[in-house]
Each structure stands twice: as structure tokens, then as C-alpha cells.
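Line by line, the protein sequences give chains A and B. To get our numbering, take the position in the first sequence, counting from 1, and add 9. To get our numbering, take the position in the second sequence, counting from 1, and add 527.
Source of the hints: derived by calculation from the structure; they are not laboratory data. Hints are not guaranteed to be accurate.
Stated by the list, open to error - According to the in silico footprint, chain A covers these stretches of chain B (three or more CB under 8 angstroms from chain A): (1) 528 to 535; (2) 545 to 558; (3) 561 to 569; (4) 580 to 590.
Quick reminder that beta carbons are idealized off the backbone N, C-alpha and C, glycines included.
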Amino acid sequence: MSSNHKRLSMGGRIDREQPVEFTFDGRKLIGYRGDTLASALLANGVTLVGRSFKYHRPRGIFSAGPEEPNALVTLATAGRRQPNLPATTLELADGMVAESQNRWPSLAFDVQSANGLLAPFLSAGFYYKTFMGPTRRAWMFYEHFIRKAAGLGRADTDLDSDRYDISHAFADVAIIGGGPAGLSAARAAAAAGARVALIEQDFLLGGQLLAEPSDSAAAAWLRQAEAELESSEPVTLMKRTTAFGIYDGNVIGLVEQCDPGNPLLAGEARQTFTMLRVRSIVFATGAIERPMVFSNNDRPGVMLASAARTYLNRFAVLPGKKIIVGTGNDGAWRAAFDLADAGAEVTIADVRAAPPTALATEAGRLGVMVRVATRVVDVRRGHAVRRATLNGPDGQSEAACDLVCVSGGWSPTVHLTSHLGVKPEYRDDIGGFVPGAFAADRFGAGSMMGIYSTTDAIEDGHRAGTAAASFCGKSAPVPAPSKLDLGETATVPFREIPSLGRGKAFVDFQMDVTTGDIELAHREGYESVEHLKRYTTLGMGTEQGKTSNFAALAAMAALRNATIPETGATTFRPPYTPVAIGALAGRAIGHHFKPIRRTPMHDWHMANGAEMLEVGLWMRPYFYRQSGLDVNDAYVAEMRNVRQAAGLMDISTLGKIDVQGPDAAIFLDRIYANGFAKLPVGRARYGVMLRDDGIVFDDGTTTRLAENRFFMTTSTAKAADVLSRLEFLLDTAWPDLRVTVTSVSDEWAAMSVAGPKSRAILSAAFPALDVSDAALAHMGLLESEWQGRALRILRLSYSGERAYEIYVGATAGQQLWSRLLEAGGPLDLKPYGVEALGALRVEKGHVAGPEIDGRTTLDDLGLGRMAGKRAGFVGDLLRRRPAFQAPDRQRLVGLECIEEGKRLRGGAILFLPGEKPYGHGRGRVTSVTFSPERGHYVGLALLAGDVASEGSEVVAVYPMKAETVRARIVSPVFLDPQGERLHG
Amino acid sequence: MLRIECPCCGLRDHDEFRYGGDASVTRPAHDDPDPEAWYRYVYVRANPAGLHREFWQHVIGCRQWLVVERDTRNHAIASVELARQLSARKSPARKPPA
Ligand SMILES: [Zn+2]
Chain A
10 MSSNHKRLSM
20 GGRIDREQPV
30 EFTFDGRKLI
40 GYRGDTLASA
50 LLANGVTLVG
60 RSFKYHRPRG
70 IFSAGPEEPN
80 ALVTLATAGR
90 RQPNLPATTL
100 ELADGMVAES
110 QNRWPSLAFD
120 VQSANGLLAP
130 FLSAGFYYKT
140 FMGPTRRAWM
150 FYEHFIRKAA
160 GLGRADTDLD
170 SDRYDISHAF
180 ADVAIIGGGP
190 AGLSAARAAA
200 AAGARVALIE
210 QDFLLGGQLL
220 AEPSDSAAAA
230 WLRQAEAELE
240 SSEPVTLMKR
250 TTAFGIYDGN
260 VIGLVEQCDP
270 GNPLLAGEAR
280 QTFTMLRVRS
290 IVFATGAIER
300 PMVFSNNDRP
310 GVMLASAART
320 YLNRFAVLPG
330 KKIIVGTGND
340 GAWRAAFDLA
350 DAGAEVTIAD
360 VRAAPPTALA
370 TEAGRLGVMV
380 RVATRVVDVR
390 RGHAVRRATL
400 NGPDGQSEAA
410 CDLVCVSGGW
420 SPTVHLTSHL
430 GVKPEYRDDI
440 GGFVPGAFAA
450 DRFGAGSMMG
460 IYSTTDAIED
470 GHRAGTAAAS
480 FCGKSAPVPA
490 PSKLDLGETA
500 TVPFREIPSL
510 GRGKAFVDFQ
520 MDVTTGDIEL
530 AHREGYESVE
540 HLKRYTTLGM
550 GTEQGKTSNF
560 AALAAMAALR
570 NATIPETGAT
580 TFRPPYTPVA
590 IGALAGRAIG
600 HHFKPIRRTP
610 MHDWHMANGA
620 EMLEVGLWMR
630 PYFYRQSGLD
640 VNDAYVAEMR
650 NVRQAAGLMD
660 ISTLGKIDVQ
670 GPDAAIFLDR
680 IYANGFAKLP
690 VGRARYGVML
700 RDDGIVFDDG
710 TTTRLAENRF
720 FMTTSTAKAA
730 DVLSRLEFLL
740 DTAWPDLRVT
750 VTSVSDEWAA
760 MSVAGPKSRA
770 ILSAAFPALD
780 VSDAALAHMG
790 LLESEWQGRA
800 LRILRLSYSG
810 ERAYEIYVGA
820 TAGQQLWSRL
830 LEAGGPLDLK
840 PYGVEALGAL
850 RVEKGHVAGP
860 EIDGRTTLDD
870 LGLGRMAGKR
880 AGFVGDLLRR
890 RPAFQAPDRQ
900 RLVGLECIEE
910 GKRLRGGAIL
920 FLPGEKPYGH
930 GRGRVTSVTF
940 SPERGHYVGL
950 ALLAGDVASE
960 GSEVVAVYPM
970 KAETVRARIV
980 SPVFLDPQGE
990 RLHG
Chain B
528 MLRIECPCCG
538 LRDHDEFRYG
548 GDASVTRPAH
558 DDPDPEAWYR
568 YVYVRANPAG
578 LHREFWQHVI
588 GCRQWLVVER
598 DTRNHAIASV
608 ELARQLSARK
618 SPARKPPA
């Protein structure tokens, strides 16, 4: 067979000068620029393109657009696989490698088409019954086989090697759909003065006009409209772009395919996901032709009439030579005439008894045979149709054919309008659903509103475009649209009647749902559309039942003896067509998945053996590899060094807030549970904030820099929340307080020097500063400069040792860090990481994130005395509610492991000795560490107050590792209860 | 995506904002000693199907707290005001604290 033997020598919108090479299932084929994969396959006589989802039935090309349920292929090139792509929307590209799906070992000979024999097993409700009934166990056994047999294309398990971009766009008016209505709307809106984005999923503008002959008046109209829009400055033409979802705030999700004619350069995006924000939207999304339901209507060689006309006139492919056109409306006759004109032998089988005489006359002129009151009831043969059975006034007869074109009428494309909850409404006069009432900024135009004649659609688009622009305040005078009359006659709806053939009659081709399945669903009581859909999986395929929806409704309505509106309409949800996850992610993958925050000393950590840990967005040193073999080794060594000499810790991640204003002290008094008004200038204080409900919110240290100025630190994790909360209170609750709060977190590098030798190290590092205890007492502040940058030294301790927090202008952070290590080297100053930091505070009994977990109160944490008898601070009243005082309320205790060689684990559940370890227990271990001081594991825990007597035992159960450990309840302060080391 | 017309910065996507809860409840004075008043403020919500006043903060922007009137049925935003202006209007005569 010669290549392109079904291609006509003339006509079409393909470029015969630009051949395009591609392969399908390993076969090298040639198409032309302007082809889709589907049109190129048809031109080459390839009719068998895939196998169906459940029954592995042979399938061909059914449509010429995104509604394609059958011809789904996988593109597989150079280590990448994109499954389930409709061949009908794939713009043919040089080197395209396409594969058919769901077949083994080959497309023509598929072992599992025997699945047809298992059909009863795979019928509607199969999944429901199997999961819920007594056959649940059987499912376990069969699942593997069934999953392997039923399915679509296989996804790739490797990383997606393609690039994707995300972009943001803005316009006044978005027009979705570039058919006659959309083009006319774009022209009108632009003339009115609006910025217009015209979105078209195809690589050509024109919509249904592309199905008209390329030398027709329609083609001339299209050329003129396109030229006009291309030269119109406020119009952005977005071809190859699908509007897949409409979101709140008039945000439209778009995916643009790259032009296969321009090969991608390295790093260029294959698809671009655009969030388009507009002020008004015109939906000109067109309509989708419906199939007819008869036996074996899914066979290759059965095709929508409009698709056959598109293949003929747009792609110059004559898909059949002996064609039967089954229909009940006038539109399909136009396809029949064009096909006959191109040389095919055509028979029309119209279900109507008396089609319009004008059509019959034209049929006679073109030699098209017409059989009225006749319908197709069956087709024969597996891989391509050979015969069709027609049922007419004289009974059944068979007719030879190689193509059966069908048209069950048209369904307006109401998917996008449904996305924001506009319910489709049934219109009896057109026999289809149109969108219900729109919001003021939304407009519909053309066949998606049930306006099927081109003349009217152009008028309607003009009206909608003008109105949409006017909604944006753009009302310049708009010249009348240029007219186009294709002489279409009204599409009269006809009611689908149940199949008369014997074989399976498909409603949803992609999901293999038959009329039999719908009958079964009806028999078993799943009559509502939403139940029908779930029970049969109708419309759940990748094309969301674009062709099947109406036929299914009609079938169910017939079974229920109800009208279609009584039967209901399903809800469509985004995406309109499948979207690659990669496109939504754009470049935010791998390393760029989320931002990374680095401290000013980050490079030093990296260069000096730090094992880093992600803490929220921050990268922090976890431990330093030179401290030990692994984290457990290292943190204990780092702890010991802090307790015996001194350690240096990067604490730049702390939240830092500058609080200023005449009422700053009053403000702090209200937001902290403990008082700040009397804090002297130059002194720091540890403070705890509560939420309004009385639960502890965050803790930190605040220093009074001046009468009306404070420097607040927050925990790393809560930095953003605290600032936002302070702003909230100032903006909404206390606008009378003259206070401003400003984040200065990134302005300061911060480091802590902790340990008995810390003062000596400071003296060495800052020879010009007086850091004696007289000049810098515990909780004192020293302000100065270092290398021309602001310097603040606070004498604070988190570890329980004498310690200093040093803040310096961020750009000098790394320099000062190095300087401290240099000066402290002879005194054994070594850096330590967050694991040692956590261990040091546990040993000292300080609470942190694991204890301040959004469930604990001041009293729970043993901090009740901080508030004392104060009143009027945030959370005061509700912290005192009776439930928080219950005797079994879980309170902070210390635990020490009393079993030799065993350890405590954070998250362990606490039980009393002898108690059955079941349920939530009496409490939980929150933080643990090995204590070098004590020589065993110690931990902090929250334990029911009525059983938490010091000295008694509990059992810590850790089911994840099947561990049970005995522990003794002790004071949470394991080290230096008198706090003498602070001054050591 | 919601788009909120910030009085300072103009129309912006909701991911520049932080949601701050119901703005129709009245916060008791900071020293209000009535636990019931605090209980109602913290826990009692009307949850209307329709217009709802709520706090949003323009965190990636001017950082102002806003009061947004949003229809919970269709996310249409009826008004956006600076919370500070509204709260100042509510208690205009309050004496500055000593
Ligand atoms: Zn703003």
C-alpha cells in the first residue's frame, strides 16, 4: 500500500511541501505539516489505533477533536512517555513516536480481547459489588490480573525530562474558543477598546469553519477575520492553548503546547501553564457532535459525521469510499454531500420519515442514496467495518461499506461554564443542555448557547464581545460584523431509541460502558445521574464523557420513562482536558520545589563539615561531622564541650521583631503573660505569649533597648505567625496603641556562645569591650559596633550554662563567627548543631516546640507562676477555664530511663506499671536526650497530673519498635536546679 | 483563586494574603473580666451561607489587616476595607492609655 493513499491531491489545510516523518507502533509513516496524528494515520490507511479499556475491543479514530474517546496513544521518545493522548489533538511533529495502548502482544492480535468473554465479570457496579459484598476476598486474588488487563496507557516511572513554564497573564476580556462566534466576539471586544485574549485549543483558528472546504466562502471569511485579529494590537491570539479550568476571581487555567514546527532548544518548555486573570469572559466553546447508539458502534470505521467532513476538507483525507451516514439531523447531510462530491459512494440513513426536500434534491443531484425512517442498528467485522445493518420501513437489510458516519445531534460544550457552578439547563427545542444564568461578567456565544447556524453565531459573538467589553468599561463604537451564510438549516433534535442489534452498543467508548450497563444500573436502582455515573464509571475517562454524556442520559431517561431534565445533568469539573502534572509544577521541582532560607553563616557551615537539617524553610547545622561518627555520637560530644568549655551556635533563624512607640511597653504587657512594663532599659526578659483561647502560643526573649523601643525574639518556627498576630492586634483590637512592629529577622546574624569559658572567649574576641559581670550581668545588654556594623550582646542562656547571644549586622555574620572561633580556639570553643542544642535544653528542662504544641497551657508547662496574679493579657480569662484545671490534665514532668541499656523515645505513650498498654495512655514523651551528666536517657513528658508523683514509675511504650521501657518520674530540671552554672 | 482588592496595593491574588478568621465577632476589651464574652469571641460563629465578613492580611504586600466581605456561596467579594480604619471608627473616643 502506498503511503498517504487516502490523501487527496488537492485541497485541505496541510502543507504538501513540508512532509513530516513519524512512527506508529514502529511503522515509519509520512504526514504533512498541518496534520494531526489522527489525520496522518487515516491518510496512511491506519484505522485500528487502540484497544478499549476493559474489553480490549479494537478501536479506531472516532472524532477530530478533544472529545476523542478511542484513539488514545502514548508518545514515547528518548526516555519519556506521555500516555493517553488523543491522536486527534496531537499536532504532527517530525520524529514523533506514537504507540497504541492497552494491547499485548500486538495491536492487531490482542490476547486479552478474550476479556470480552469475561464481560459479565466486568460489568457495571463490578467494583462496588466486589468491594462491598461477600466477594471482597476474591478481589484480593483477582485484583492483580484485572488491574493488568483493564487500563489505559502506562505512565513513566522516571523523572519527567521535559521542561515546563508557568506564566501569568492579564486581559480585560478572555474569549474561549476561536470558532465563528469567538472570532466575532474578539473582533467586537477589541474594537470596543478592550484588551482581549483569544484562546483556541487547536493550532488553527476557525473551529467548525475548518470543516468547510478550503476554497469556500467560509475559508475566505476566516482568513479575513484572522488577519484582522493578528493586526489588532489589543488582541493576544493564544493558539494551541486549552482553557482547562475556570476559577474564582475570573482566573482561567491555560495550558499551551509548544509549536512542533520549532524544535525545542535545551531548557525550553514543552508546555506553559498560564494563569490568565481577566475582568470578563466570553465562552464560545462550541458544541460536540453526539454518537448514535447501536450494536458494535465502537468499531474502527465508525466516525462522527462532522469528523469525517473535517478529515476531508481540512486534512484532504477521504476516510472511506463506500460510506453510510446515519443521522437524524440536517447537519450530517452536509458531510454526506462533501464526501460524495469528493468521490465516495454515500448512502444516508435518516431516522426521520421526511427530511427537508431541499436536502433530498441536493442528494439526488450528487447521487447520494437516501433511506428515510431508517437507522443503523449494527456493523460487522472487527478491525474495520465491512457491512452495516440498516433497519427501515421494509425491515432489516445489510449494506456493504467501509465507513459509517454518525450524527446523533449536537451537545453544547458546557464544561467550562459548569466549573463555577452554572448548572446546565435542558432546552427541548435544540434537544440539548445550555448553560443556565451567567454572572454579570460572563457571556456565552454561538453553538455553546445552542445557536447552530454560522450566521447567527457570528451575530451572537458580536453581541457577547461587545457586552463583555462594556462590562470592563470599554464601549467605543463597534462596526457590524462581516456576514457569512453557509445555508445551514435548523438542527431538529431526535430522541435516541434503544439499540435493536445483538452486539454490545456503547455509550461511553472510553470506559467501555454499554446500554446493557445502563439497564443494569437502572434495574439495581442507580437511577440518578450521579449514581449512574459512579456505578458504571460513565464519563470517568480522561475525556470526561464528552461524547457519551448525552446518550447515557437519554438511555436512562428512556428506561425511567422520564424526560431528560427529570433525569438530570452531571457536573463537569476541571480539567476540561488532561493536564500534565509537570505543567502545573512548572520549574518548582527538585531543588526549586520550595524556597530555601540560608543564614549568613551558611557557607561556613557547608565548608566546615556541618550535616544540614531542614527546619521549615531554613537550613540549619544538625551536627558537625568532626564531632563524632554519627549524629548520636556527635551531639553528645558537642553537648559535653558546651558544658565543659564552650560552644558556638548559629541562632540567626530566630524571629526578630523591632517594637517601637510610646505605648510599646503597654503593648508588650498585654501580649505577654508576664509583665514587661517595669523592665529596665538595657535588660532582657524571657516571655511567654498565649493565644486568645488560653493555650501557649510562643516564647522568646524581649530586651528593652530604650524607653519606647524593644527587641523581641521569637522561636524560629513561629516567627511569621507572631509578627502577623502582633499586627492583627494593633490593627483590629488596639488601634489606639501607638506602636509599630517590624520584622528585623534578616537584618541580624545571631550566634550564641555558651559554656563556662564563654566570657573569656568574648573578652578575647572583643578586646575593646567590657564584658565583665559588672558591665554585663545575667539578662543584661551591651550595645556596640563591630567592623562598622551594629552589635548587640545579650547575656542569656538556653543551655543552662553561662552564655551570650551575639547579634551583628547580617553581612558581618560570617566574619564575626570566624573571629569568635579564632579567639575561642585556644579555649576549646567549637561549633554545635541543633541536635545538641535540643539536648542541652531538655537536660535543663526548658520547654520548646514539642511541648508548646498548640495544646498546652502555662500551668501544663509548669510556667503558671510567670503570669502570677496578672490580668488583662491575651488569653488570660480562657486559660483559667475549669477544664484546664482537671486533676488528670497532662502536665510537664521529667522522666529518667531506669532500665540498663535501654532508651526513651519521643512520642512514646505512658502507662502505669501493670496497666494494659492500650489506647491513649496517661500521657506521652515529648523530648528525649542522652544525658552525659546523668549517664542515661532523660526526657520531658506530659503526664496526667493525678498520677504524676515524683519518684513513682511509669512505662513508656513505643509500638512502632515494639519497645517497652520503665522510667521514673522526676523534676524536669535534670541539671543544676539552682541555676549556679549561669554564673559559672 | 480569590482576588482581593487591597486598598493599598490594588487587586492581588489570594496567595499574597493570610486568612485571619471571622471579622463579624466583637473582641472584648483587653481587660474584660467576663469569661463568657471571651468564650463567645473565641468559639461562637454564625457560619452564614452568604455575605461573611472576614479578616485577611496582605502579608506579601503592605501587611495591612483587611476586612473582606465575601459571599460564602460563590466567593464574590463585595467590599475590602482597612481593618485599622474600621476599628478606629468603632471606638473613636477612647482615651489614649496613660
Ligand atoms: Zn496591600
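* Given that the region 580 to 590 of chain B was listed as covered by chain A, double-check it with a C-beta distance under 8 angstroms for 3 or more residues. => holds (count 4)
* Asked: the region 561 to 569 of chain B covered by chain A? Criterion: 3 or more residues, Cβ-Cβ distance below 8 angstroms.
  -> Holds, because 6 residues of the region 561 to 569 of chain B bring their Cβ atoms closer than 8 angstroms to Cβ atoms of chain A.
* To do: Can you take a look at whether the region 545 to 558 of chain B is actually covered by chain A? Rule is 3+ residues, C-beta closer than 8 angstroms.
  => It holds: at least three residues are needed, and the region 545 to 558 of chain B offers 6 whose Cβ sits within less than 8 angstroms of chain A.
* State whether the coverage of the region 528 to 535 of chain B by chain A holds or is violated, taking the criterion as 3 or more residues with Cβ-Cβ distances under 8 angstroms. => Three-residue rule met by the region 528 to 535 of chain B, so holds; n is 3.
In the structure shown, no violation is registered for any of the earlier numbered hints.
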